[in-house]
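Colleague: Following the hints, position chain B against chain A.
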Amino acid sequence: MTDARTLLSAFKEEWEAGLRPDVGAFLAAASAGQRGELAHAIEAFLCDAPLPRYDGGTLEQLESSQPVREAERAFDGRAGTWPLLLPALRREGRLTRSDAARRLATELGFSGAHERVHEHLHTMEYGTADPLRISRRVLVALARVLGTTAARLERAGRVPTLGGPTRGLMPTRRGLPDAPPFSEVPSGYRQPDSHRPPDWAALDRLFLGADG
Amino acid sequence: MSPAARRAQRADAIALRELAAVPRWLWDGESLPVPIESIAEDHYGILVEEHHSLDAFATAGDAHVSGVLLRARGRILVDALEAARAPGRKRFTIAHELGHLVLDDEEAGPRVGQPDLTERRARRPVGACDQPAALAYPPGELEANQFAAAMLMPARHLRAAGISRRERAGGALRRIRGGRGEAARVPGVADWPNSERQLLPCGFTHSPQLGAVGSVAVAHYILYFARSCANEVNGMRRMAGKLLTIGLYGIPEGAR
Chain A
5 MTDARTLLSA FKEEWEAGLR PDVGAFLAAA SAGQRGELAH AIEAFLCDAP LPRYDGGTLE
65 QLESSQPVRE AERAFDGRAG TWPLLLPALR REGRLTRSDA ARRLATELGF SGAHERVHEH
125 LHTMEYGTAD PLRISRRVLV ALARVLGTTA ARLERAGRVP TLGGPTRGLM PTRRGLPDAP
185 PFSEVPSGYR QPDSHRPPDW AALDRLFLGA DG
Chain B
10 MSPAARRAQR ADAIALRELA AVPRWLWDGE SLPVPIESIA EDHYGILVEE HHSLDAFATA
70 GDAHVSGVLL RARGRILVDA LEAARAPGRK RFTIAHELGH LVLDDEEAGP RVGQPDLTER
130 RARRPVGACD QPAALAYPPG ELEANQFAAA MLMPARHLRA AGISRRERAG GALRRIRGGR
190 GEAARVPGVA DWPNSERQLL PCGFTHSPQL GAVGSVAVAH YILYFARSCA NEVNGMRRMA
250 GKLLTIGLYG IPEGAR
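Going down the list, the sequences are from chains A and B. If you're matching positions, the first sequence starts at 5 in our numbering and goes up one per residue. If you're matching positions, the second sequence starts at 10 in our numbering and goes up one per residue.
Chain A with its partners taken away, still in its complex shape:
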């Protein structure tokens, strides 16, 4: 085992050279007794570390990586660090969002409305939900689903951000003019708006508040 100070120096060197050192690998190389100390030292360094001189390719790769996308959603959104925390907790538990929504719906006593819960969970993960309107009951139930505490979720939702999505609607795909792709309506097809949607008011109040 290498001592924490040597490891920290090596980490700094790699960082400054733009080599993207793997924090996990450095921590694993430290002895159990020094691991916590090294983690704190790396964290303190990274808080003020200068941006390394990445080459264009590395920078592009970093900017388009999923953690950076999620961080961007958190900064742009209004739901604190939920866009980072909630997907990370789901991944830890290897839970798809659909599964998480099902479990959350059951916990809330709305097992028949898991699709609606799915939509609400999406707004929380994407940073478009308003944390102040989400009921304590939802946070407690979600914490059980994700294996954490409601207090942690609450804290994460209150981290200040830029306050709202900044980008507008963006239609991006089109068909050819005057050529609808399929002329025949398949049997059994029902227009989604051809029947009345179920009444989700009671469920929505849990996520949107009384006047949501």
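Treat the hints as calculated values from the structure; they're not laboratory data. Some hints could be false.
[Claimed, not checked] Simulated restraints on C-beta separations:
no.	chain 1	residue 1	chain 2	residue 2	range
1	A	Ala32	B	Ala30	33 to 41 Å
2	B	Gln18	A	Glu158	44 to 52 Å
3	B	Glu58	A	Ala32	41 to 49 Å
4	A	Ser35	B	Ala30	12 to 20 Å
5	B	Asp64	A	Gly60	36 to 44 Å
6	A	His44	B	Ser62	51 to 59 Å
7	A	Ala43	B	Ser62	50 to 58 Å
All residues carry an ideal CB built from backbone N, CA and C; glycine is no exception.
Modeller: What follows is chain B alone, placed relative to chain A:
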């Protein structure tokens, strides 16, 4: 290499990188079809919704909108009728929109098609053109298509089927039109559900063994290589464009 070929190559490379970043518990990197909806949901955090009509998003010159990416809300809206008629088409639309999500993140450029190209495309009769309609698409749309093709039919799987760069377009096209023996060399594709194979309505390009989405992906693949070696395969480029048009828009050959 032409700028278009470079862009296509870049879209391919990014799709490959994105696929590699998908957690193994979501997709093992091998089995087909690639679970694109689950990847959109659980990897990118995008909600996929079917809507009866997306025509509200159409602009002048567009008669139909297949899918829409609402980046600020993290949603992809897909035409419900198309999804019911051809799940393969829905898969392609989702992958295409993910292409916009990923590719537009990486460059500062216009995110919506250029009006002049849209206008020209609107006047071009499909099937009678001197250049494939697909090639008149705005570059960003072509890139998203390329990305979608690479996501749904990763090049590695094409290579496993013996479709190599050396064979180029001719060989690839023969293979997708070929018999069971050739297509069966693509791991897993022979087991694709029938719903995946219904994207192409005409016999010209439909290969039940390879699957409709595979056919569209191969069309992109052909187009990509045709762009790379335009001088020798002009005829093939036209054919690939036509194949792409038919594959993407479901227009039977000779219907126009």
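Colleague: Please flag the earlier hints that this structure goes against, numbers listed from lowest up.
Modeller: 1, 4
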